[in-house]
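*Asks:* Next come the chains, spelled out residue by residue.
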Amino acid sequence: MFEHLRLYTRYFAVSVRSQLQYRASVLMTMIGHLLVTGFEFFGMWALFDRFGQLRGWSLAEVALLYGMANIAFAFAEAAGRGFKIFGKMVRNGDFDRILLRPRGTAFQVGAQHFELVRLGRLLQGLAVLGYAVVELDLIVSAPRVALLGSAIVGGACIFTGLFVVQATVAFWTVESLELFATVTYGGVETAQYPMAIYRDGFRNFFTYVIPLAFVNYVPALAVLDRPESFGPQWLAWMSPLFGVAFLWLCLQGWRVGVRHYRSTGS
Amino acid sequence: MRAYLAIFGARFRALLQYRAAAMAGLVTQVFWGFVRVMIFTAFYASTDAPQPMTLAEVITYIWLTQALLRLLPWQPDTDVEQLIPDGNVAYELMRPLDVYGLWFARAVALRSAPMLLRCLPMLLPAYLWFGMGLPASPAAAVVFLVSVLGAIVLSAAITTLLSVSMLVTISGRGIHVLSISVINLMSGAIVPLSLLPDWSQPVLTLLPFRGLLDTPFRIYLGHLPLDAAAGAIAHQFLWALGLMLLGRMLLQRALRHVVVQGG
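Protein chains in written order, with the numbering used here: chain A, 1 to 266; chain B, 1 to 263.
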């Protein structure tokens, strides 16, 4: 475990150092990502400006969901980037090299290509979350911080799990499927609004198939003391459990995939 | 002129080959459409105040956006983009053609073929099952088509401008990411422009991006009477012309300084 951590730090340092060779480009792209999500949030603000509220939720309350979802996604995107571009690794035969090394395959793929520019989304998520806390006058108490933290950890696990599934499919298709954008990017988009506004089938999918609601909507209800209830009170605390269990399941799928791997050759 | 038409035709036919990719993308576009319809439905259910657009109009607007999404100039022509960092752009300069005309002809194909491929399979289910409405009138439908043509030309002009800017910056990643967000917001792809705050309307109307989606859609919905539509279409083509002149000027300046890395 400790040794893995050390190795991860090495991988991390290598990719950060290589990206810092293009300092201006990294900074520009990071600002770009920050603006992309910033413009998106402006769209959300404009809708609240016009409609006042969304089924009893204020902008600041939805901002909490938005911040949580984007922070979790930014972590998953930065850490699981290797899985996102895994199709290319299979096509080029680069995965053969990974198989030769004496460490787990999922660990090696995940640890590669930490992307600095994705920190733009993280900063923006933090800013929106900060706005929500200030605007709602939320008292920063230990349980609240713990709830938020554990929900973000759970969310990051789920998004990482989705990237793993997306990569696993590449063992068979040799390509990453665009279709998966619906659950990854679509997942963040969905989690940015209260689950209650969606139709049943859609909501159930993002609750029971991909347990996104349990790491976002449910803990947010507890953080905000919302009148809606979703299951028993303790459920809000279970987000890391859902996240880790989901990630574990995805990694089991990954192992099946690795056994099916046939190199594309040269 | 014939040469440029031939380039457009060749590129157009080549892009029409990516049918499987279009089908795969379709599922994603339907998914996003549904998410947006549900969000807007919830917003409309939250207020009694009259809005500049009815919910039915917003739903039609959303499905039109999903159908024409590929028209948006999100990135420079990837073929041109690849030519620049490795210096192969030198080959383009050797052709007995005007480089701007060449790139523009390809951009028109790039912005029309993928959009046309996805447009019909998206519109048909949208009409039948997803609550999309018909054009306000037969006349509006015809003017809508003219305006979509204007949007394609405008989009191609922006695409070529982005390609030319690559000559100056070499790696255009920062500019791409930025232009995507500006274009998405100001064309109406995120929120129908009429629903954005009143103070932003004069700016949105002045800038070219409205012509990419919002102008054709308002004509379709009958929000722009036909005489006002003529002005809006003129706005599209004038901006397209202006951006083409700007792109051509920047290209000529950049080519004077271009250094082709040997090897």
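Rather than coming from a laboratory, the hints here were simulated on the basis of the structure. Please read these numbers as outputs of a predicted model, since none were measured by experiment. We put the CB at the ideal spot given by N, CA and C, even for glycine. A few of these clues could be false.
[Claimed, not checked] Label pairs and their calculated CB-CB ranges: (1) A:Y185 - B:G231: 45 to 55 Å; (2) A:W248 - B:V182: 40 to 50 Å; (3) B:T54 - A:V140: 56 to 66 Å; (4) A:R55 - B:G101: 46 to 56 Å.
[To be verified] To spell it out: a stretch of chain B is covered by chain A in this simulated footprint if at least three of its residues, at any positions, have a beta carbon under 8 Å from a beta carbon of chain A; those stretches are: (5) 31 to 39; (6) 176 to 182.
*Asks:* Hint compliance check: list the failing hint numbers for this structure, sorted ascending.
*Replies:* 1, 3
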